[in-house]
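There are 2 protein chains.
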Amino acid sequence: MKEASKRAHEPWKAFQARQRNQDIKRDAVLQTAAHMFLEQGYRRTSMSELAKRLQITKPALYYYFHNKEQILVECYRAGITLIETLLDKALVSRGTGLTKVKAYIEAYAKSVVLYDFGRCVAMLDENELSTETRKEVRALKRRIDASIRGYIEEGIADKSIAPCDAKLASFAMSGAINWIGTWYKPSGPLSGVEIAGRFTHLLTEGLHARTSTASRQNTITRTTPRKTSATKAGKASR
Amino acid sequence: MKEASKRAHEPWKAFQARQRNQDIKRDAVLQTAAHMFLEQGYRRTSMSELAKRLQITKPALYYYFHNKEQILVECYRAGITLIETLLDKALVSRGTGLTKVKAYIEAYAKSVVLYDFGRCVAMLDENELSTETRKEVRALKRRIDASIRGYIEEGIADKSIAPCDAKLASFAMSGAINWIGTWYKPSGPLSGVEIAGRFTHLLTEGLHARTSTASRQNTITRTTPRKTSATKAGKASR
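Quick mapping for you: the protein sequence lines, in order, are chains A and B. For the first sequence, my numbering assigns the number 1 to the initial residue and increments by one for each residue that follows. For the second sequence, my numbering assigns the number 239 to the initial residue and increments by one for each residue that follows.
Among chain B residues calculated to face chain A with C-beta under 10 Å, some are: (1) R281; (2) N365; (3) I394; (4) D403; (5) A410; (6) W417; (7) F437; (8) L441; (9) G444.
For the record, the hints were derived by calculation from the structure and aren't laboratory data. Quick caveat: nothing in here was measured; it's all calculated off a predicted structure. No residue lacks a Cβ here, since even glycine has one placed at the ideal position from N, Cα and C.
Bound conformation, chain A alone (with noise of 0.2 Å):
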């Protein structure tokens, strides 16, 4: 009885372990391909190329996706889903609205540099989206703005950030952190993790030097800069 229900249930167990398999391989695909599109860009990556990129048929891809834009939607969507698995995960302490929006920047900034799905949010151009899935990607990213706008608001209200403009502080913030899928290069001297870390710093403390006193009196002259993590780091090797 038991053998046979065993047997009975291979078809199933056959049918799933197929199913986790194409999961891989469309997996595979998009990897590929976020790759890709932010090596060379969105149109000059031709379905071909991305299949002779991962050494199958073209029909085989295919067989994944109806076309690019649905590979690029997907891009997106996957981007999206990490960028706000990382931030549930960094919001996972309770704290004043500063040290929210110091994770959030944290976990933002990690997304960008340490994920291809997480930089093609930051890089790719909507515009090569169809009006619809543009729209859709248009409202993830507004519910990604809207938490950390949130967050400031939080900040602002129990004090531990100084009153501003909480929309455009957010966009301050976010338009850094894209930015540097512009610039960055995983061969550069510093670690992803690194350069996170003083984004953080750098946004949510400014550039200013203050001393206790330079910072009542709003004088230009100081004696002993701030010591924070950002003294050491300046002088770290780059």
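Fit chain B to the given chain A structure using the hints.
Then chain B, alone, in the frame of chain A:
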């Protein structure tokens, strides 16, 4: 004799007037092209459409520019000249490195929000250029990057800027400013000048609210938020 001399100069004058007229027309082509590239994308803008928008024939358009790429390069050149002119003007007054960085951020942000050519430098995809012209555009952009990095280093040396990684900081500043092009609408509630001012404040002062005690103790328990221009700005309706 006087009359003869006047007549002798007339063809030259006519030539100069014709030349001026041509320069004006060439500028009009560039202005309109920049606007269309930003509005609908470089790829989506055809020479035929551009001629139509300008109400001239296609041969007339080709009299001024050999091809679309030449127009794109000229838009970049005009934008970079504009940015450098604004930066030079902003830096007439001397001061600390921080003062210069502030002047720089404000001038750069203005060039992006107030001028289509400035926005072209921030927004258009260099990958559309041929290898040779791309090199030229990148060299021009590097010159701008080098300036801001220089001022940040100056600020670190004169202690007006907290020790930091000047290269990363310049990328963060440029990124935040270039990104303005993706969300800025001239019809929005804030003027370009207001946006430039708030960005300058945000990027140099950071988000962190500080009281002198909190700053020294590196604690998040604060009582009085810093009174800055952003306090007023934050209250303004948007």
